[in-house]
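J.: Chains A and E are the protein sequences, given in the same order. Taking UniProt numbering, the leading residue of the first sequence gets 1, the next gets one more, and so forth. Taking UniProt numbering, the leading residue of the second sequence gets 1, the next gets one more, and so forth.
It is worth saying that the hints were derived from the structure and are not from the lab. Don't take each hint at face value.
Unchecked claim - Derived pair list, reagent style EDC-like, types lysine to aspartate or glutamate, alpha-carbon separation capped at 16 Å:
1. E:K607 - E:E630
2. E:K193 - E:E115
3. A:K375 - E:E514
4. A:K431 - E:D491
5. A:K114 - A:E104
6. E:K180 - E:E127
Unchecked claim - Distance windows between CB atoms, simulated:
7. A:S662 - E:L357: 49 to 57 Å
8. A:G380 - E:M177: 51 to 59 Å
9. A:P173 - E:P479: 50 to 58 Å
10. A:P173 - E:E517: 23 to 31 Å
The structure displayed is predicted, hence computed values, not measured ones. From the three backbone atoms N, C-alpha and C, an ideal C-beta is built for every residue, glycine too.
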Amino acid sequence: MSSLEAWFVARARRRLAMTRECRLLLPRVCAALADPRQPGSDDTCLEKLLDWFGDLSEAEPTLKLVQDNPCVPELITSVLALPEPSPSILSFTLRLAGLLAASENCFQHLQQEKLLVRLFGKDGPLNSAMWEDASVRSGWVEGVRRMMHHQPALHFLCSGGGIDVIFTLQGDPSLFVASAASRLLVHMLTFSVESEMTKPLSAKDCDWPVCAQMIIKHIEDSLQSSSVSRIKQSLKLLTSLFGSCRAPWTEVLWLGVAKQVESFLTEESVQAQHMLADLLLNMARSPVFCDTEGSFWALVTSALEHLTPVQAGPLAVGILRLHECPQDVRIQALTVLLQPMDCILRAASQPLEYAGLLDESVTDPATVESLLSSKSSCAGLLCQTLGHLEELLSLIRLPVDLPYTSLLRSLMTILQFCNGLLIPASPLGSKISQILIGCFRVQRSALDVLAVLSERKGCDTPVESLFDILLAYLESPNTSHTVLKKSFQATSKWLVCLPEMSCFNSQWQTKKILQDVFLVLQKRLCSPSWEVRDSSLEFLTILIKGLRDQDEFRQTLLSSEVPRLTEDLLEDPESYVRASAVTAAGHLTFITCFASESPVIGNQYNKENTVEKLQEILSTDPESFPRRAAISIFTRWLRQSHTGLLQNTEQFVSRAIQIAESDLDWEVRLGGLELVEVFFVQTLCRLGRPKCPYAPFSPEFTSSVRQNESLQIFCRVKLFGFLFCSLCDCDRPVGQKACDILLALRSSFYPSNALKDFHETEDLPAEHGVAWLQRTLRQGSLAQNILTGSGNEVDFQDPESMLLALGTINLEELHDDLNKSSDHVEKSPQSLLQDILATVGTVEENEADCY
Amino acid sequence: MKLYCLSGHPTLPCNVLKFKSTTIMLDCGLDMTSTLNFLPLPLVQSPRLSKLPGWVLKDGSTFLDKELKECSGHVFVDSVPEFCLPETELLDLSTVDVILISNYHCMMALPYITEYTGFTGTVYATEPTVQIGRLLMEELVNSIERVPKAQSASMWKNKEVQRLLPAPLKDAVEVSMWRKCYTMPEVNAALSKIQMVGYSQKIELFGAVQVTPLSSGYALGSSNWIIQSHYEKVSYVSGSSLLTTHPQPMDQASLKNSDVLILTGLTQIPTANPDGMVGEFCSNLAMTVRNGGNVLVPCYPSGVIYDLLECLYQYIDSAGLSNVPFYFISPVANSSLEFSQIFAEWLCHNKQTKVYLPEPPFPHAELIQTNKLKHYPSIHGDFSNDFKQPCVVFTGHPSLRFGDVVHFMELWGKSSLNTVIFTEPDFSYLDALAPYQPLAMKCVYCPIDTRLNFIQVSKLLKEVQPLHVVCPEQYTQPPPTQSHRTDLMIDCQPPPMSYRRAEVLTLPYKRRYEKIEIMPELADSLVPLEIKPGISLATVSAVLHTKDNKHVLQLPPKPPQPPASKKRKRVSDDVPECKPLKPLLSGSIPVDQFVQTLEKHGFSDVKVEDTAKGHIVLLQEAETLIQIEEDSTHIICDNDEPLRVKLRDLVLKFLQKF
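Just chain A, same shape as in the assembly (with noise of 0.2 Å):
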């Protein structure tokens, strides 16, 4: 261990260590939850209790932890001694001992006791009626889970019978229980394997040690009994232990199981298919098994023809997100995906006129038909299928070609299907359509496709058929609000990667496909929905966002009806629409900025009337919503340098502030120091300094001239007022956020050598009030002081004071106790300890009460 490590572990564990005043408490705390009497206590304060304990464990041994305070182990005795302990108590005790006798001393001290076999022995609440409780069970198994850490725990366990009960368990009826029972085989397993063996293992000399071996023959006798449930538990913790182990030795277990696993995929009765598909997909993704040349991939191969399209799905996708498979399964994987879309191209199109998606298929083409063309399966089939396409496509690094034009016909038709659009041509698609017509969930699914899908767009893209039927969907009043927003995704993805479509470079349809997307969002943005009206408005403004740059959408929105709309909306009496709106209006001023330059547009919108209303919005708006959003905006506006619309940068930002200042609502607030921030940097760039806020400062800011200046500008737009009230704002991210900004103001004044001076002195000048507002800070009262004003008081507008401020108090600090969260004091040990005999307490005061 290095000195450096050393430290942080000796601080950690004097962090950890337990105090004087706890190790005073303790016994008292584990008299009262050892007595009967008491009240079941609450079950947060243990857990609490318990991680305090692995805390302390971690801090010092174990052992000693016992020894120490010997109220510790006497509690377990007396819980023990108790006829009827509380389930929850004695679920404590179990997870307790548990935690001690992870280490190996405490677990022999422990043993000698004979504590360990009197809580997990066949004496213990195993054959108690207090095993019926779940939460016992539960605890015993994470005691054993615990204490897991040492042979002599697995030979406790192993020769004790222990094991038989973790088998039992497995098949709970407590689902907590059973999954934390087959966690733990998994864990014994691998540690058992891992800290016993002593030469590797091969198929052919497979020695395992005895724990392994009684686990490993339990799963094979499981696997080969006739009793589905246990074959079902055998398959869980097998793809448990391919899922978290991946040691050659699993492989050599494989082999003594394939042949038996491999037989329930056409094994009827045992119903396990969804489950070797999550097995299968475990072992896929070890490199163990990804290696293997022969059966492994065979029997993914075999699972992929044998399961049913719904079961094989997950395995498909999962096996295409691998980057280390071979290409002939990815390829069976990918068809077994495609196959719905396929049989749905084939099903709309006349013979010959498309050829498919697919070649040919992996399974029989019937049995997907049959799914899609029953109304109970098909919209499931679909969304599955959509589901993991969306998955795949949002991969940035897709190991697979997927044929993206086929795809995107196939959509095309399913979102047809949907809005029954499309003449099927085939009896199998009039029966789909008949299913699909009006189905929402199939409608979302194809749209989220169709969104991700934009950004694999081929040469051979047939866009003008897209956004025909994206127009229907957003034009149709019979589109669910739900299905309008994914529509309006989709259509946003697409129409801002227009420009870029080589092949689609008509000037002429690119207009007109705009026009009439103005035409359809101005209607929906009159819609009595607000829903409606919010989605269309968050639309325009990705569309703004992305398209601002280009002359003909710039146009086509300017002469349309959107941005007078927009304005109005600014009114709305739902919160939501106005925050969208006032976003929406504040990229719209992007363009109509740049349109006042354009002869070919006449500018009918008057920016300083856009400001001005999104500032008595900001000022008088009764939701916050909508303030959130104009501050926001502001600062987008100051960070893109929007120096068109803001031509008097300062009196803008000191306008603002002033309003952000007194919101009520924090996020405004921090808006508003946002806003200061971005001001602050593009004040002082513009003044000289570097952009990076690491680079060293040129000698030509460091200038006092420079210095002064950026100074009475902030100054003048009131901001220290504004970051040292902050300071002492009720809500924290406030405060953290003004500490930030202070402390790299600070460094923009000072070189770091020049504050070194300042705190060593430790001797505040008395001048400038900064004495009395470094006391004021600490008390974290800066707002009452300064309303009473007491006479002593800084002066935030003056350039001086406030670079002795700066340089003066110590930020740091500040900023360490602002760090800390607001319940520290009631995080700590010694607040738990206290709580839980507050409770006891109560007990006694009323005991006393009563004769």
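With chain A's structure known, arrange chain E on it following the hints.
T.: Only chain E this time, still in chain A's reference frame:
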């Protein structure tokens, strides 16, 4: 059980059900689409309409130019609009006992039936149906009568002439049956024959059947009807809705276990979701008004307009339309708005609870109070003083052939700033607009039809599980314009029976039982004999007394006393004489044992043949045949009565008598 189908219009039905000696007319809807063939009736002299050229035949003949006018390639009849009546020839309508009305739209032909056919029965309808139905009729009569037309065209109806006309006049059906509108006295006379009923009220018809109206959820007071006897139940579902709008929700549970369910009045626009259409309506309205245009909404004076006003009430502030006036113009506008507020018991739960607050159930009251909504009986008078533009006008008639709407079409049609929004689904908007072409104003089609769609029907039928479904033929195939939409038809098992105009259906349900009461004294005298566990039989000798379709078994009259004098005939002689009863037989004949018995009795040449229904026992020598079947036994022998009697006695030995 027969069904006479008098109307081919699926949402304006008129059917007659003959069931257990009663003749029940189910609705009497009036098909007004015929009016689309006529020129509009302008309230103010319209130079454009009056200058339309007369129609000239291809050969140059001009004899029709007074009756037919041409406008933008379409030919219209220049006459008072006429309506297509339900069939009156299919059966004698004077024999109709009762008429059941399901909603106010389906009673518009009532005066034609009650006043022209010799009808003497009773009409049953709920109170809102009657009151709002009266308003619709009043508006209709008023709209037509206030524009008197000097001429009445009839020449074009001549079959030979009609053949020469362009479509759609050429293809118009039953033009000889088309009639002018009825008059107010006829309306009053017809309405006086209505007896008002409440939901779930049971009405006995001649003791034979019971009819009950159930809430159908479509309009104020709209009903479905249950027509049932002791053993049969027919449900008549017409114009129902499962959407939450203003009326009481539909009562589905009471439709369960029907033997026959007659299903009419489904949505006319199955592809348009009403919610989406309302959104579309509002958006288009707002866009037009914001651009300084006016909005015209041709509508009926009651129904969807209440929901539209409620929707606008919530919407106008958000859309910045608070200062735009809304006008509702109809001779019955005031009554319609006020009636809607007083029918609390017929409203949905939400609106009912408002009445107890007390608040008006519909928010249009507030719109009127705040002067945002103003209503006028017509465009003349106060309206012309108050009229401000841009504005929104709701007025009738949706066919655009009569009513105040004609004036607004003429007034606003020329400007592309204005919009006409069609919300009523009864008329094709393209046909309605035809005589106004060329038209600059924008047209938006937002049909709002809240009646059941095919998905809802399919769920309903699964839920109520009728044995048989009967419906108009239009519902058994996809719409003609969308033949691939196989989802737009009724899909149920067994497939529905369909009907078309002028068709008589024999409903597949056979009546098998009739309820008969047994008088207590007679019941006392019965001696049941258990023939199977749980089944006892007794012979009954009684007199069946039938009156008012109720059947009662009474004790037979005592045997007549020997007449004191043979000269005088007594009244009681009319009572049928009770002959001594032969015992009834039951049981089956075990063939083997029967053959053995025959052999014991000296028949040596017995031969048994199995047949499909039983056995034939052949006595070859005696040339006799005994045919034993499940429910009959025949002894066939040639003129040998002693042999027959002997054989009969042998057969009887195996059977029980009682």
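J.: Does the structure break any of the earlier hints, and which numbers would those be?
T.: Result: hints 1, 3, 6, 7, 10 break, sorted rising.
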